[in-house]
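There are 4 protein chains.
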Amino acid sequence: MTTRPLRVAVIGAGFMARAHSHAWRTAPRFFDLPREPRLSVLVSRDESKGAQLARDWGWESWSGDWRTVIDRDDIDVVDICTPGDTHARIAVAALEAGRHVLCEKPLANDPADAAMMVAASESAARRGVVAMCGYSYRRTPALASARRLIADGALGTIRHVRAQYLQDWLSDPDAPHTWRLDRAAAGSGALGDIGAHSIDTAQWLTGELIEGVSARLRTFVTTRPQRSAEVGLGGTGDPDSPRLPVDVDDAAAFIAGFSGGALGVFEATRMALGRRNANRIEINGDRGSVAFDFERMNELEYYSADDGDDRQGFRTIQATDPAHPYADAWWPAGHGLGYEHAFTHQIVDFVRSIESAPASPGFADAHQVQRVLAAVEESAADEGRYTRVR
Amino acid sequence: MTTRPLRVAVIGAGFMARAHSHAWRTAPRFFDLPREPRLSVLVSRDESKGAQLARDWGWESWSGDWRTVIDRDDIDVVDICTPGDTHARIAVAALEAGRHVLCEKPLANDPADAAMMVAASESAARRGVVAMCGYSYRRTPALASARRLIADGALGTIRHVRAQYLQDWLSDPDAPHTWRLDRAAAGSGALGDIGAHSIDTAQWLTGELIEGVSARLRTFVTTRPQRSAEVGLGGTGDPDSPRLPVDVDDAAAFIAGFSGGALGVFEATRMALGRRNANRIEINGDRGSVAFDFERMNELEYYSADDGDDRQGFRTIQATDPAHPYADAWWPAGHGLGYEHAFTHQIVDFVRSIESAPASPGFADAHQVQRVLAAVEESAADEGRYTRVR
Amino acid sequence: MTTRPLRVAVIGAGFMARAHSHAWRTAPRFFDLPREPRLSVLVSRDESKGAQLARDWGWESWSGDWRTVIDRDDIDVVDICTPGDTHARIAVAALEAGRHVLCEKPLANDPADAAMMVAASESAARRGVVAMCGYSYRRTPALASARRLIADGALGTIRHVRAQYLQDWLSDPDAPHTWRLDRAAAGSGALGDIGAHSIDTAQWLTGELIEGVSARLRTFVTTRPQRSAEVGLGGTGDPDSPRLPVDVDDAAAFIAGFSGGALGVFEATRMALGRRNANRIEINGDRGSVAFDFERMNELEYYSADDGDDRQGFRTIQATDPAHPYADAWWPAGHGLGYEHAFTHQIVDFVRSIESAPASPGFADAHQVQRVLAAVEESAADEGRYTRVR
Amino acid sequence: MTTRPLRVAVIGAGFMARAHSHAWRTAPRFFDLPREPRLSVLVSRDESKGAQLARDWGWESWSGDWRTVIDRDDIDVVDICTPGDTHARIAVAALEAGRHVLCEKPLANDPADAAMMVAASESAARRGVVAMCGYSYRRTPALASARRLIADGALGTIRHVRAQYLQDWLSDPDAPHTWRLDRAAAGSGALGDIGAHSIDTAQWLTGELIEGVSARLRTFVTTRPQRSAEVGLGGTGDPDSPRLPVDVDDAAAFIAGFSGGALGVFEATRMALGRRNANRIEINGDRGSVAFDFERMNELEYYSADDGDDRQGFRTIQATDPAHPYADAWWPAGHGLGYEHAFTHQIVDFVRSIESAPASPGFADAHQVQRVLAAVEESAADEGRYTRVR
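Top to bottom, those sequences are chains A, B, C and D. Counting along the first sequence from 1, when you hit position 51 you're at 51 in this note's numbering, and nothing is skipped either side. Counting along the second sequence from 1, when you hit position 271 you're at 1271 in this note's numbering, and nothing is skipped either side. Counting along the third sequence from 1, when you hit position 235 you're at 2235 in this note's numbering, and nothing is skipped either side. Counting along the fourth sequence from 1, when you hit position 103 you're at 3103 in this note's numbering, and nothing is skipped either side.
I should point out that these hints are in silico values taken from the structure, not numbers from a laboratory. Treat each hint with caution, since some may be false.
Said to hold, decoys possible - Here are a few chain C residues that sit away from chain B, every Cβ distance over 12 Å (derived from the structure):
| # | residue |
| --- | --- |
| 1 | Pro-2028 |
| 2 | Arg-2127 |
| 3 | Thr-2140 |
| 4 | Asp-2152 |
| 5 | Gly-2207 |
| 6 | Ser-2241 |
| 7 | Glu-2295 |
| 8 | Arg-2296 |
| 9 | Asp-2306 |
| 10 | Asp-2310 |
| 11 | Pro-2332 |
| 12 | Leu-2337 |
To be verified - Derived contacts from chain C toward chain A, CB cut-off under 7 Å, selection only:
| # | residue |
| --- | --- |
| 13 | Arg-2067 |
| 14 | Tyr-2302 |
| 15 | Arg-2311 |
| 16 | Gly-2313 |
Since the structure is predicted, the reported quantities are computational estimates derived from the model, not experimental observations. Virtual Cβ for every residue (Gly too), placed ideally from N, Cα, C.
Here chain A stands alone, though its shape is the one from the complex (with noise of 0.2 Å):
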């Protein structure tokens, strides 16, 4: 490619600010570019390990402090891979200097912050400048084909909508403290990191809006062993650490009512023994009907009514086959894609939405999840009456 390069900043030091590294290295590889991706930049807060970490994931440069790394000029996009708390402040001061921004989701964890971030990505897109928030499910090319789908129509009105995120990497009382379980960090549990998927999921295959929800929410275990080192998600704590407290929720329910009349059901929990990442959505329309677990992510469940009386069932998709969303620039069909296929899709999206189209989903439409999500702690906490989504 002979394209103008675009730099790239990531924030963040953690499994997310890896899987991005490698997105931004892999897009241009497997698809055509507007623009050449080029990893300038990693700020770490940790100095210790920033130098380390930008060698070992392909980034030129390191920094200890996102401020400086904002007001460079040769800086083209801003990619937000903190905790959720820190979002609102990176985001908003990026976009003010002209940066594109990829933030990870959840957008904010305070429904001000969401709002003032929202705001912010309409002022900048005046200007030409880009705001994306990370939900990666969408670039799933088995989603992707399943809202193509839908949008098309093969799924008729739709009535159900049945979301499960299952995890279970806290089933165990002594897997120790994250920043995962701190209410201040995280803003919610199971509900803001993984429910957050399905409700975004549920909203953009659907089309429709979630209007109001009724919910509960558990904790199971109230306190857990410090993590003596950085050592992954899961793991056994060591028992004699001291113990913290767990201040989210370990499990989300939630029945919600959508704007065109279909009635969901949602749950999320990291309790689910023996399912490792369940995100599931089945969907059913009066003309058919699609279902999706990610641990068989490369398959699409597919139902239709107009199928023959004697030859109906769910048929199993393999999305790999080239007539799928993302799927041609990869390998022949059958064989898989894995999880950082849609981390690299999301980037070809981004870069392409630079020069030419509205990103998806936007800030608005991560502040519609943020508001659901809402609107489930407001449910929760009055013991599940129907709350409105506002």
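Take the given structure of chain A and dock chains B, C and D to it, following the hints.
Just chains B, C and D, lined up with the frame of chain A:
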């Protein structure tokens, strides 16, 4: 068998009466029973077809009036397969007359009726007369095996119950009207018809009771064409027929709190296109999990946290192995059982309970299900507010 | 039914006799039959248990000698459920006596016997006497539906047949000896017991004949402990019992050429640990494919190349839908059928064939299976050389 | 990493060269490598696209002639991704020049070539020069985990190997011609392309060698339209194009005897409509079984006879758990890996073998696969007679 015969009357002429007839005929051929059932009388209000059905299904005689049957000295068992609004009258009369009673679920449409039935069953029990309610799914070998696993502690403390009962025979808006869509006869819609099974199964498997619920009901299709004739479930009605109102729910969703602290999520619908009879339940404890789907009724999924790190996963157990309840009476392992086998097992357990054991589920157990159903309806009418089961 | 009774004698007292007994009793309850079966006589060489089995399984009387039964004027049907070495004698005598014959598979252990049986059946046919062989899997709704699909051209030209019949009840080297491991009684091992089903199913589904085979047989466990008593398939023998020789195959594999050009790959084994009764077949044509596994006997997988590019995939069809053969006689869609239903359907088809139609599979069809079995054994003895079916 | 760079040249410009390019770039980002790969030269005969591909895939330079590259002192590794007929020349020259060699499978089309390559690799090994063959499926975590289970004795004595490699990209008779259908370039058809993978996997998993085979080959479509341009696998050719002959097999089937006594059944086809890349293998021992299907590449099925009677079943193990080979370098459990990850793992193992360990599979291992392929062709030409692998 050279046993004292057990003379049975079945009340009803529909789908359930047929399933029970087959079960009464089949049970003694595959199981040792303490008494030999004799299919004495079939009762059908429709006199024109009573004789025919009795002959087709193997009953010695027929009657048009259940009252006359109950008073006969030569009847030992009254097996009630009529719609829910008639259960109380028949069951109470039969118990008072000293007949053992097997009553289809739901126990009764009306809470007062149900309470009366419980009282009658308790009084009867003191006279050695047995009353059982027909929650037949308990007799599916895979579920009976799951219960044994849980009772043995294989799942540890239960955290999650996830139950869905998904059907689609009402998905077509022109599927004909039936008594199951008439509140007066059926009590409720998907909730009482199939959701009741999920409630019973969940409480029975976990050994915990549902203490409160937060619920929402939906009716998607509010009128349906009159059925021209008895043509079974489903099918398409004549669009030119007059349309009758549907005054029950098409779908029910509720979140439940269990007595042991588990979080339950329930959904019952007859509009989940592509799901014919997906009676599903998954239970996650802190040591293991089980999952079941009636569409694969001979399989039980089981996950054990005790398995080695590199060999953990849900096992697909074939419940046809002789180690599973009921299974060794039938065929070699891997030779599947069907829907009606649960009814046969129900007869086996019922007959044995007459001789020796308390019937399970008794009317009090079934009443508890009714109380949950009532709390669901109450919560749904109160904007989903968490409602105690009383 | 007010029909002329059809008086039946069953010969045998094992697993198959029991399955047939149940089927004879059940068929008229769920299907309209032109004649009403009457369970007249059970024949068991073991006089001590004949009376008991007759009573348990619902037969009016019993006899210790099949010859006396065949000569009785009041017997219309002889149903042969004995080991293969006895089939020819009984079947030929019964046909000559004018009895309709249903004979379990394999037709005969010896080719000359089989030829004689075919001749007897042809002679009988001219006198209106029916002979059918018990390849019961043809009556599984999912397979019967697959046959209809193929006959309708939904698969186009057949290229591949892939059939496996996998069991594991002999995996334990101390599983006890049985007549099925004795060449004189059983003819062969896995090959004739279960491989024969695969051969029949493959030829029947495709409408093509196997023309030649290249084969290999294996016996992994060459002696087994004597069984102390009749305890069903499987189980563990007493290690202290004397060990008897196994002179049949534990496993058979062969490659087949079909008359229409398809390439077949077959495997039959009773040593595939973990596979209880995986009777599997997949057929690929140039327009579509079907796949079936008896362990999920209510499901048929079907792939159509006519489906749109982004919605192609194997459909999991629930063969309990009323559009599938036999299914509408039973329960609503999604309420699974079991192993014995195929036997019930076999009786239905057999009784109907007595009144109106040629029996299928007739003895000539079953003889063709025997000829394939013989070619397999011949090829295996000749270093796997491709051997024509003669 | 501050390691001595490892300067790599890739030979080829097709699908495999792309997969290897990605792997060379990605391996050091996720794994600690003893030396840092440097993507020095891409070699493509097609000069017009060499520069473009080098740029797209991240190579520093390109060349039109592999000979010039091998002689360069600044190249450490030659990675051969060309059709099989060119492997021997390039590999032998590279090894003699002291370059480490990674060579795509099949090792060579011609047995004499393969033997020469083995000799060259042995000579090179004495000089510390490494040669590895690219049987990449060995690096799929699920299969690598299966091998560990088997090596640990979890399956006991192996009795059955059941391997199918099913694709369908040639099902359409107008799918265009490609070098893979030309015997001179490809050696054989489905047999050498995908059947070779099954052979390697089976021998590697079991630790046993195939000693003899009984085989049959089929070509269903004997001419195909010339491809207008390079458009990837599959697709539909222009029916107006001239048709070129297909002189390789579309499908191969063979029965195998293993050195440890196991019975193998193998099938490879590119005409199994609906199966995109079903690289399947099941192995049954006397203590356990494993099963794998690449279409669900992140799952391993495992059955243990040690499980309790009422809880035996195939476990669906998610090979993304960190306990599985390679998995902990990537994402949390349940976040699937894709096809290309095996190539990345292959680079990891290859680079490590340069520093410290014998490469596996070495050329001798790959030669053994070629010898099995030769025996298959010999047997197929000799009417399927069992043919020893020599």
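Which numbered hints fail: 1, 3, 7, 8, 11, 12, 13
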